[in-house]
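**Q** Spelled out, the chains give:
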Amino acid sequence: MLGRLTIDALPFYSWVAMGGALVTVLIVLLTALVVTWAGKWRYLWEEWLTSVDHKRIGVMYIMLALVMLVRGFIDAIMMRAQQAIALNNEGYLPPEHFEQIFTSHGTIMVFFMAMPFLTGLINIVVPQQLGARDVAFPFMNSVSLWLTAAGAGLVGISLVLGKFSTAGWTGYPPYSGIGFSPGVGVDYWIWALLVSGVGSTMTGINFITTILRCRAPGMKLMQMPLFVWTTLCTSILMAFAFPALTVVAALLGLDRTVGMHFFTNELGGNMMNFANLIWIWGHPEVYILILPAFGVFSEVTAVFSRKRLFGYRSLVYATMAIGLLSFTVWLHHFFTMGSSPNVNAIFGIATMIIAVPTGVKIFDWLFTMVRGRIAFHPAMLFTIGFIITFVIGGITGVLLAIPPVDYQMHNTTFLVAHFHNMLIPGALFGYFAGTQFWFPKVFGFRLNEFWGKMVFSCWLIGFYLAFMPLYALGLLGMTRRLEQYTHPDWQPFLLVAFAGACVVLVGVFSVFMQFYVSIKNRNEHRDLTGDPWNGRTLEWATSSPAAPYNFAVIPEVNSVDAFWEMKKKGEAYDFPDQYEPIIMPANTAAGVLIGLCGFLVGFAFVWYLWWLAILAMVSAMAVVIVRSCNDHGEEIITPEAIMAIESKRKAQLISVEGLSARGAPA
Amino acid sequence: MQSSPILYPKGPVAETERDLLFLATAIMLFTLLPVYLITFWSCWRYRANGKGAYRPDWHKSIFVELFIWAGPLVIIVVIGVLVVIYTYRLDPYKPLVSDEKTFRVQAVAQNWKWLFIYPDQQVAVVNELAFPSGRPVNIEITSDTVMTSFIIPALGGQIYAMAGMTTHLNLEAFEPGRCTGRNTQFSGRGFPHMVFEVQLLSENDFARWLDNVKKANKRLDSMSYQKLLRPATKYPVEYYSWVEPELFSRIIAKYTGASGALPLQKTGSLE
Ligand code: HEM
Ligand SMILES: [Cu+2]
Ligand SMILES: [Cu+2]
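Sequence lines, in order, name chains A and B.
Those letters in the first sequence? Residues 5 to 670, by our numbering.
Those letters in the second sequence? Residues 217 to 487, by our numbering.
Since the hints were derived computationally from the structure, they do not count as laboratory data.
Model, not experiment: these values are computed from the prediction.
For glycine and all other residues, C-beta sits at the position ideal for the given N, C-alpha and C.
Hints may contain errors.
Claimed, not checked - The calculated BS3-like cross-link candidates involving lysine-lysine, where the alpha carbons are at most 25 angstroms apart (straight line), are:
(1) B:K310 <-> A:K572
(2) A:K573 <-> B:K276
(3) A:K573 <-> A:K652
To be verified - Stretch by stretch, here's where chain B covers chain A in the computed footprint (C-beta under 8 angstroms, at least three residues):
(4) 29-36
(5) 185-194
(6) 269-279
(7) 385-397
(8) 480-487
(9) 522-531
(10) 589-596
Isolated chain B, as found in the complex:
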């Protein structure tokens, strides 16, 4: 289980989610105990030639009824309180509190790859997401194909990506390292490979990484974007040293009819 991104998180959001999972599991285990005890005890004691007294008409008891309604109710009230507290605390749209400046990334789901646009750095990368660790990250997500779902389990959260709509995730990494993210919503042939690597870098390493991207000789404008959009499986990591401003909103505009939209091309079979 060492390799579990959920049990060994790399960021505060995933860590809180894991602790919540543990806490809720521990509370719920209290329900297991009485059920198993009564089951095994009564199977043994009241078996056909067991020792238990036989009372065929015993069918109500205020005391027992109280216990069986109140027991589950109490547990659910406790968990319900957790739900309220943590659903607000871990709302994926809520910006993380931090002294550091929030880092912005935009993610676009395609078949079957992820395009990451760095609006402040004016670069774009396919199938690799890099950002400085220790800084909150705000990811804006959309899809230029069917509905998909974006997750980086080691950092936490998950949110659907839908064409013509934007969803948000706010994440953060504790320290430099790497992990993976993927689409979890089945989207056709290349779905199993719709994975991307996440590089959590120190500020220096990130600057170096950015330099590397800037050295690439590809530029992402509306024309090359249409080419990139063609379905492909196991698409390699690709760097674009420049990205057209507003590309992200022009992709969304395709589906909303807003001005400046990219052309809407014909969709193709994903089977």
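Chain A with its partners taken away, still in its complex shape:
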């Protein structure tokens, strides 16, 4: 009945793991208690969890991302602390725990921090930038969210019941096969990826459709905001790359549970196939993470330089080129597997070709600043910090793409420094900038700028301190994933890296402090116009927060920077005398339920609870069938209701001083 689930599943093997489990359980209980005490379960369920409104789904994605950011960062600082002291001794973490930590850190940061973060931003912003009322498939959007959350839940519960994988975030077999890793860890990893991966594939399909089908009338492709362009590329990559991940994780799962031999040492299994498949997904994945951040940087630079984006066409072509090329370079992850020099040279060159469009983008942002009027808002600071840090990562990336250099640097901390150099300034800074930028659109008030600058400074300085020493350590020959070491000359660098992680800790704290302070003083920072930064694209044409239907009247678009044009012509704030009724999708519990089933399926397969697996799969199917037969999936917003909302907005606009002057941008 209980499969592999016995009392041994509890984390008695290490005090630190035990503590982690206790803290996790306590936090969950505490959250439940607080919600109960505040009497908010009903509100939470009706307004949020069952919501299919793209803005609310976006917010929930980002909340998930922030929670997982904390979790992933705790892992990071624990590793840094371990390596800072583990010279010729065991440090404070037992090996099995350290190994779980580097795996969960990588897995969480990529799948459950970065992916939800960017999906959240996309959800909030893209429909509004398109002048649309919602995404193409609102219900599917909710399912995607809850499947992602289910995957995160599987990683979370692995801390309390059983162990997590020790095979690293790429889970190379045969180490991750049942022979060498017989525990439940790798299964948790596989199912977290499988369940959330389905969500990501659906997100990709959803946004490709949204962008191609739901643009405001008149908006040509070459008039779409850059963030929409990068989203389109990211979505295409998601839809094409994630199936490879699903396949490779499923094959590994079959190897482990039913004794297939796809990737084993014996019986014709071949681990090199795994490396190929996982990187056919894995390399595009890096661009899935980075491209939306590039979109944010494009929007932010234009708005805070108060200038039109330089080289719009260049930026679009560069984005498309990066998207395409990202599928052609996966082999650079295993130059050292013994391929012929022909193969290695071709993949090396293919890799560095990506540096060309990337370089073009950097220069386009720089020339957007030139002849502008730069305001150093935190979002802009993140953009500048990104530019000067990302070039370093780009340079080291090109170095690693030279096969003979990679022979030396592969699997060293030089590589670890390089990919963090891409992912932190390249992706995370972009998400942070996007949060600073679009927060008022979602919540109706601006974020506190002092704490925003704190977040920026701590992450920037902390990043340099934490990762520049790793470049040096790589040259000293330090390998990644070392739980202890014997070289005294490594330790000073590792101490600096630890100090850097501590500075980042202040940065993580500042993220939450910024929210706290801003919410407390929200009345001083109200955004009454809906356009706090004198924006250029359509999302600033709506009120902050936007009405459930975004646009009472769908705008007509005939240029890049549609809203800027409207302001110039003085048409930005026209209100009609009459409204048409608007049909919006109704909330539904089906998404949450399918997510829950996804979680149970994963959990059941991990512990070999076959009855539960079947039950959960049948339930998921039942939910889908019931939902498909339900014809009350829609809600009609009457013209009267719209009129009420819009008149309020009009009154608010008139109450703001200087609105008439705002009609035309300076």
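For chain A, the structure is supplied; the task is to place chain B with the ligands on it using the hints.
**A** Okay, now just chain B with the ligands, sitting in the frame of chain A:
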């Protein structure tokens, strides 16, 4: 940085790899310069109350576009040429050119130690690799466990070791000395200690070393090999005065089903 095996190499392969690293870094630094200059200059000149002219609609310029596409392209073409030249020159499978006779070694990755077989000398050593300096060395590599990766940074190169497959490294040492090698691909509990010492010896010293190994009273046949295969961390250096011929290919045959294979034992948890 004095202790860096990569910056202070002990062999021609690693030396060429280092010089390539330096050269490519120098070229790439040219990209840093314009980016930093334009960033700091425009942040200063075009700040909110700076002196720069404000031209909100300036958004294209053929001249600038040409520069920003051509600049990176030129740099990448230059580096691309380096890639082609050096990837062939430093192909780990390519035998090194030398007047001296190539020295042969076979390396087998286990948990968590390295077994080195000297097919021409008929001896085997655990966790210590010795060979004459000034002579090209050809290392055949395989794994009798999970995937691992073999590297001696001071001599250069790195190549994966996989069960049932052979990979090759061709290296050479300039002069006598010592350095270390290791596995860089995480392989479980004993991974941090999966290190071995490399003795680069003069011909005389190597002969002496070989004598020493031959004096050991252990012999490596299929039976003692199975014993050696048991997982162990921080395994001491061990000499075998005799090794069964064809042991290396019989280890590989375990996984390929070829004849003469050693028995395939059950794998165990590495967590
Ligand atoms: C300042 C925050 C961070 C610190 C201090 C940090 C630190 C670390 C450390 C110590 C490792 C292990 C390196 C080793 O095994 O030698 C690691 C691995 C990794 N990190 Fe981070 N990290 C941070 C943020 C991030 C972010 C934001 C991402 C992704 C978006 C990320 C993705 C990864 C990945 C994929 C790995 C590889 C895991 C593996 O080896 O399986 N990290 N990080
Ligand atoms: Cu890649
Ligand atoms: Cu292979």
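**Q** Decide, hint by hint, whether the structure agrees.
**A** These are the hints, each one checked on the structure:
no., hint, in the structure
1, B:K310 <-> A:K572, "67 angstroms, violated"
2, A:K573 <-> B:K276, "23 angstroms, holds"
3, A:K573 <-> A:K652, "24 angstroms, holds"
4, 29-36, "violated (count 0)"
5, 185-194, "holds (count 4)"
6, 269-279, "holds (count 4)"
7, 385-397, "holds (count 5)"
8, 480-487, "holds (count 7)"
9, 522-531, "violated (count 0)"
10, 589-596, "violated (count 0)"
Going through the hint list in order, the structure does not satisfy hints 1, 4, 9, 10.
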